[in-house]
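Asker: Now for the letters of each chain:
2 protein chains.
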Amino acid sequence: MRSLILAAAFMVSASAAFAASDEPIQPIQPAKIANPAMVELGKKLYFDPRLSKSGFISCNSCHNLSMGGTDNLKTSIGDHWQEGPINSPTVLNSALNLAQFWDGRALTLQDQAGGPIANPGEMASTHTLALSVLQSIPAYVAEYKNVFKSDKITVDGVTKAIAAFEETLVTPNSRFDKWLKGDKKALTGEELAGYELFKDSGCTACHNGAAAGGNTFQKMGVVEPYKTSSAAEGRVAVTKDEADRFYFKVPTLRNVELTYPYFHDGAASSLTQAVDTMGRIQLGKSFTKEENAKIVSFLKSMTGDQPDFKLPILPPSNDSTPKPTPFNK
Amino acid sequence: MRSLILAAAFMVSASAAFAASDEPIQPIQPAKIANPAMVELGKKLYFDPRLSKSGFISCNSCHNLSMGGTDNLKTSIGDHWQEGPINSPTVLNSALNLAQFWDGRALTLQDQAGGPIANPGEMASTHTLALSVLQSIPAYVAEYKNVFKSDKITVDGVTKAIAAFEETLVTPNSRFDKWLKGDKKALTGEELAGYELFKDSGCTACHNGAAAGGNTFQKMGVVEPYKTSSAAEGRVAVTKDEADRFYFKVPTLRNVELTYPYFHDGAASSLTQAVDTMGRIQLGKSFTKEENAKIVSFLKSMTGDQPDFKLPILPPSNDSTPKPTPFNK
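Protein chains in written order, with our numbering: chain H, 1 to 329; chain U, 1 to 329.
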């Protein structure tokens, strides 16, 4: 599956790459959980704010699983209420991305997971500190040992567990997926017309595959420059190749009704606005109000099964656990 | 039950007030859920950061149900990372309290729930703004109508629903409760010795009833003044009676292993330290290291069943929903 997605990425337009169906978007497959104990450990870590310096910010703070795996803010809030430089992308279906972060600077979910913990503008901890917090908590040590057969908690293990949990965060069974699988009544006429217009307009050149995106980097502003106050440069920050300036990972459109506001700068607060901007700057099209509404209606049919698990209960700290320090720099 | 607790409160020392058992601490009873639909609505609201101005802080941020219903910080973090004036008390078993907040300024959970939403140092919204956010979201309007038979969402309904959810957050079935109910093997010898010492030392004068606290206001520093940098004055702020200066609601000891750090100023980071300080300033006792350890061991036997429900999925905002404004004052 992963190799198929990578292949699709290199083909840029991937509409023909999937043999399973003639449609450019494929159904999301349910997660196959290889190691439930690792997933459970990763789930706790994902919800644990003690991975941050302040003891207040967890992965779930900015990738909130109650809210489409995002924070629904233009840009995120970090340690000491710092304003983040970029919109927090959804963690839902992120295992389907060809790389992580808007500029793809992490190749895997595991690589990604270590970043925010030690980013001074986000969780503001260090890997050393976060590990010493976890190592001080006997229940974490026991759970870690059960999963990794080691008494010593490492960044590699922690990020592997978080990634294993994140890999379960796929959202199958949207109405659109039901339609793709043959239930022709799953979409309304309006939604189906929106999907046809979405394809005919060229949106699927970038938004294709199971995630309807996430599998290529594309320039933001193909036909018309994108005006933004964001300083984010895109993929050039990773490749140092000027040709990659303003190239960003195409965001998934799965659950897009939940993952507002849109674009890397969070500048589009509504789907209507996002569709309008994309039409203009990427495709040179001005959608009428009716066309726009049809596409939006289609997009909302891609909301799938949301995370379905019990709120994790975290093991307590104790006298030997390093204390959070929210109020000193 | 409530009237019994209030009666106990007025008797100050309540050891004889409970007919059910000779013990001064009573088992926690499981929640009786009268209106499941109201509880479900309240649960969503409890987890919804859109009740804050920033869109980032929910009830669960400072009363985190993954962490004993607290934030495990000395004092809480509010809007724009403001440092709160007081330690965030646990929401677990808070329905058993004679009043809410450390100074008891809210008589009911419903009264309490409205406070943080509009407190500029906490969630920093206004009731008007929070209501207009909720009213804009059709799924909330429908759920509210189902519960309250009204199309118009009010503060009264919102806080009633949050309180109904909070009333379910009781934690029965601790090992100590099992012992109270007759399972004499539920406690170790050390824990039982700790409980005997806890009673013999006079701790149960204040920490009694089902919540082992929460049912009286008491002076912090009976025998010896309590030294603190906290400006909190206690109950006098409510009653304007100088005799109530430094009187605080006795905190529950239920789940105390999870609700660190301790006291209204969060100054005691460990149970060992908390037991030592309480012995000295409230009872004029210096516990030996061994005695202290016994009491701590008993206290840890009061951790009960933690919240057990699925992570709520929140209904999305839409174009008409007022936007969060995390970065302007």
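Check each hint, because a few of them may be wrong.
Stated by the list, open to error - Only pairs whose alpha carbons sit at most 20 Å apart, straight line, appear in this in silico EDC-like list of lysine to aspartate or glutamate:
#  : chain 1 : residue 1 : chain 2 : residue 2
1  : U       : Lys-289   : U       : Asp-276
2  : H       : Lys-227   : H       : Glu-257
3  : U       : Lys-329   : H       : Glu-83
4  : H       : Lys-44    : U       : Glu-190
5  : U       : Lys-323   : H       : Glu-257
6  : U       : Lys-181   : U       : Asp-305
7  : H       : Lys-289   : U       : Asp-319
8  : U       : Lys-44    : H       : Asp-276
9  : H       : Lys-310   : U       : Glu-196
10 : U       : Lys-149   : U       : Asp-244
11 : U       : Lys-44    : H       : Asp-308
12 : U       : Lys-323   : H       : Glu-83
13 : U       : Lys-323   : U       : Asp-79
14 : U       : Lys-44    : H       : Asp-305
15 : H       : Lys-329   : U       : Glu-83
16 : H       : Lys-44    : U       : Glu-196
17 : H       : Lys-323   : U       : Glu-242
18 : H       : Lys-310   : U       : Asp-276
19 : U       : Lys-219   : U       : Glu-190
20 : H       : Lys-329   : U       : Glu-190
21 : H       : Lys-300   : U       : Asp-79
22 : U       : Lys-199   : U       : Glu-83
23 : U       : Lys-185   : U       : Glu-40
24 : U       : Lys-329   : H       : Glu-257
25 : U       : Lys-300   : U       : Asp-156
26 : H       : Lys-323   : U       : Glu-83
27 : H       : Lys-219   : H       : Glu-242
28 : U       : Lys-227   : U       : Asp-244
29 : U       : Lys-178   : U       : Glu-196
30 : U       : Lys-44    : U       : Glu-196
31 : H       : Lys-152   : H       : Asp-276
32 : U       : Lys-310   : H       : Asp-276
33 : U       : Lys-310   : H       : Asp-308
34 : H       : Lys-44    : U       : Glu-291
35 : U       : Lys-300   : H       : Asp-319
Simulated from the structure, these hints should not be mistaken for laboratory data.
A quick note: this is a predicted structure, and the numbers were derived from the prediction, not measured.
Asker: Has the given pair, Lys-44 of chain U with Glu-196 of chain U, been kept, meaning a C-alpha gap of at most 20 Å?
Answerer: 42 Å, violated
Asker: Below or equal to 20 Å on CA atoms is what counts here, so check Lys-44 of chain H against Glu-196 of chain U.
Answerer: Distance ~36 Å between Lys-44 of chain H and Glu-196 of chain U Cα, so the pair is violated.
Asker: Between the alpha carbons of Lys-329 of chain U and Glu-257 of chain H, is the straight-line distance 20 Å or under?
Answerer: Not satisfied, since the Cα-Cα distance of roughly 28 Å exceeds 20 Å.
Asker: Check the hint pairing Lys-300 of chain U with Asp-156 of chain U against an upper bound of 20 Å on the C-alpha distance.
Answerer: 37 Å, violated
Asker: Between the alpha carbons of Lys-329 of chain U and Glu-83 of chain H, is the straight-line distance 20 Å or under?
Answerer: With a Cα-Cα distance of about 13 Å, the restraint between Lys-329 of chain U and Glu-83 of chain H holds, given a limit of 20 Å.
Asker: Does Lys-44 of chain H pair with Glu-190 of chain U here, judged by a C-alpha cut-off of 20 Å?
Answerer: 31 Å, violated
Asker: Given the hinted pair Lys-44 of chain H and Glu-291 of chain U, is their Cα-Cα distance within 20 Å?
Answerer: 34 Å, violated
Asker: Is it true that the CA of Lys-199 of chain U sits at most 20 Å from the CA of Glu-83 of chain U?
Answerer: Given that 20 Å is the threshold and the Cα spacing comes to 37 Å, the pair is violated.
Asker: Sort out whether Asp-79 of chain U lies within 20 Å of Lys-323 of chain U, counting only the CA atoms.
Answerer: 16 Å, holds
Asker: Straight-line Cα separation of Lys-44 of chain U and Asp-305 of chain H no greater than 20 Å?
Answerer: Holds, at roughly 17 Å.
Asker: Taken at face value, is the distance from the CA of Glu-83 of chain H to the CA of Lys-323 of chain U at most 20 Å?
Answerer: Answer holds: Lys-323 of chain U to Glu-83 of chain H is near 16 Å, not above 20 Å.
Asker: What's the verdict on Lys-289 of chain U and Asp-276 of chain U, does the C-alpha distance respect the 20 Å limit or exceed it?
Answerer: 9 Å, holds
Consistency with the previously given hints fails for numbers 2, 4, 8, 9, 10, 16, 17, 18, 19, 20, 21, 22, 23, 24, 25, 30, 31, 32 and 34, ordered from lowest to highest.
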